[in-house]
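Undergrad: Sequence:
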Amino acid sequence: MNHAALLALTLLALPAMGLEAAAQGSLSKPATGVDMKSAPSSFSALSKRLMPAVVNISTETVIASGMPTFPEGSPAERFNEYFGRDGDGFQRQGSLGSGFVISADGYIVTNNHVIEKADTITITFSDGRELQAKLVGRDRDTDIAVLKVSSRTPLPFVELADSDKAVVGDWVIAIGNPLGFGGSVSAGIISATGRDLNTGRSDNFIQTDAAINQGNSGGPLFNLAGQVVGVNTAIISQSGGSIGLGFSVPSNTVKRISQALIKEGRVRRPWLGVNVQDADANLIKAYRAKGLSGVIITRVSEDSPAAKAKLEVGDLILTIDGKSVIGVREMTRTLSEKPIGKPVNLSIVRDGRSREVAVTLTELKEDGDTPAAAAPDTAASSNDLGAELAPVDDDMRRRYGISKDISGVVVTSVSARGRAYNKLRRGDVIVEVNFKSVASVTDTLAKVKAGLATPNTPILLRVKRRGETGGWFDQFVSIEIKS
Numbered sequence: 041m042n043h044a045a046l047l048a049l050t051l052l053a054l055p056a057m058g059l060e061a062a063a064q065g066s067l068s069k070p071a072t073g074v075d076m077k078s079a080p081s082s083f084s085a086l087s088k089r090l091m092p093a094v095v096n097i098s099t100e101t102v103i104a105s106g107m108p109t110f111p112e113g114s115p116a117e118r119f120n121e122y123f124g125r126d127g128d129g130f131q132r133q134g135s136l137g138s139g140f141v142i143s144a145d146g147y148i149v150t151n152n153h154v155i156e157k158a159d160t161i162t163i164t165f166s167d168g169r170e171l172q173a174k175l176v177g178r179d180r181d182t183d184i185a186v187l188k189v190s191s192r193t194p195l196p197f198v199e200l201a202d203s204d205k206a207v208v209g210d211w212v213i214a215i216g217n218p219l220g221f222g223g224s225v226s227a228g229i230i231s232a233t234g235r236d237l238n239t240g241r242s243d244n245f246i247q248t249d250a251a252i253n254q255g256n257s258g259g260p261l262f263n264l265a266g267q268v269v270g271v272n273t274a275i276i277s278q279s280g281g282s283i284g285l286g287f288s289v290p291s292n293t294v295k296r297i298s299q300a301l302i303k304e305g306r307v308r309r310p311w312l313g314v315n316v317q318d319a320d321a322n323l324i325k326a327y328r329a330k331g332l333s334g335v336i337i338t339r340v341s342e343d344s345p346a347a348k349a350k351l352e353v354g355d356l357i358l359t360i361d362g363k364s365v366i367g368v369r370e371m372t373r374t375l376s377e378k379p380i381g382k383p384v385n386l387s388i389v390r391d392g393r394s395r396e397v398a399v400t401l402t403e404l405k406e407d408g409d410t411p412a413a414a415a416p417d418t419a420a421s422s423n424d425l426g427a428e429l430a431p432v433d434d435d436m437r438r439r440y441g442i443s444k445d446i447s448g449v450v451v452t453s454v455s456a457r458g459r460a461y462n463k464l465r466r467g468d469v470i471v472e473v474n475f476k477s478v479a480s481v482t483d484t485l486a487k488v489k490a491g492l493a494t495p496n497t498p499i500l501l502r503v504k505r506r507g508e509t510g511g512w513f514d515q516f517v518s519i520e521i522k523s
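Take 41 as the starting number for the sequence shown in our numbering and just add one per residue.
Rather than coming from a laboratory, the hints here were simulated on the basis of the structure. Treat the hints with care, as some may be off.
As the list claims (entries may be wrong) - As a list, the in silico DSSO-like pairs of lysine-lysine whose alpha-carbon atoms are at most 27 Å apart:
(1) Lys88 with Lys205
(2) Lys487 with Lys325
(3) Lys303 with Lys382
To be verified - Listed next, with one range per pair, are the computed distances between beta-carbon atoms:
(4) Pro80 with Lys405: 42 to 52 Å
(5) Asp434 with Asp361: 40 to 50 Å
(6) Gly209 with Asp361: 28 to 38 Å
(7) Ile366 with Thr482: 33 to 43 Å
C-beta: ideal position from N, C-alpha, C; glycine also.
Throw the hints in and build the complete structure from the sequences for me.
TA: Here you go:
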């Protein structure tokens, strides 16, 4: 059995089963001079100071139950409340989560999944005072939501830290509403940063071993200065309870998203209009480029900023506004922080030559990413490439669904001992070898053989690959040739 399959990624909102501020103003302190790695003798003073700004969030959603209610006066009437049904045949569903106040006038940050589809949202402060909250805005991509309450007096609040300065080993505390036990405090350290949980394109979580459980969703992860370094969002667990693998949205992301939600009620994201793949050291070398990382454009959307800037499939992007592109995730995060309507400068390599391209980003309307293709087959092969090739004739077009506008040679099998193993896949159509088009199997193998003449220099293949949805996209593959 695959043990990884036993682990579940759990969002931390808890299905429901229930301040008069002692101080005003920010409860956070400047991080300057605070040693984040040395544990204090006790977290009691810090916890007591921060507690008034941390809130419990309960929601209620009313849906049609699909079942009749028991009539008033009947012996079974008391079961209406038990089943969450009111007298009109509707069922009430609720959830519990956490949040924290970020301004004296009542703005509150939490997770989107805590309040999604809620009809009513109730905020409970640490002294038991309850206020009804209105939804200001929410962002599914980062799972961040902003609420607003009205209070006669200014509310104590906490500030967001610079999460880029948070490092592994820093002490942190989590305050929230785990399993309905409000005002719970747990302590731990930052275990890792930049975690990708494959939940979306904005994945960039802080990992902590501070105990967080269901109901902690939306609650703050504090540094020792009392600044929020992250918003607790998910855990990985076999049982559904904490095993020391908790994940928080970094405060710099929270700051950017919450400001946009407060200003406009939604998040506007910049759009470049390309699909890209990571470029490893071999691909960089095959492009005859300098550096260790980058991304290669595999698709350019029509009428996109990239198309208008004349970017092309196969372009290797090395930097954005002078910042190195480490990979696809880094590029996504970098672009997400760029202003819409203003140009960004890309350093690219095309046909072995470096170029500078200015692209003016527009607003993202929809996500058109192509899903990844299936895993490759492996079969015996003995040529220099380590893959069986065939001409793209009518039979192959029918067998692999190759469209008429694609020409080259099709891969029919890949040897487990060949150079192309884990690089090419059955059904791939090779269209270029080292930037030169290929027209036949003989032509392809000849160009591969020519590449062997330069030891320790990878061969670069451009292939057409079919995605799970049936569409074809470009993929760039480096075949390492060792002397």
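Undergrad: Tell me, which hint numbers fail for this structure?
TA: none
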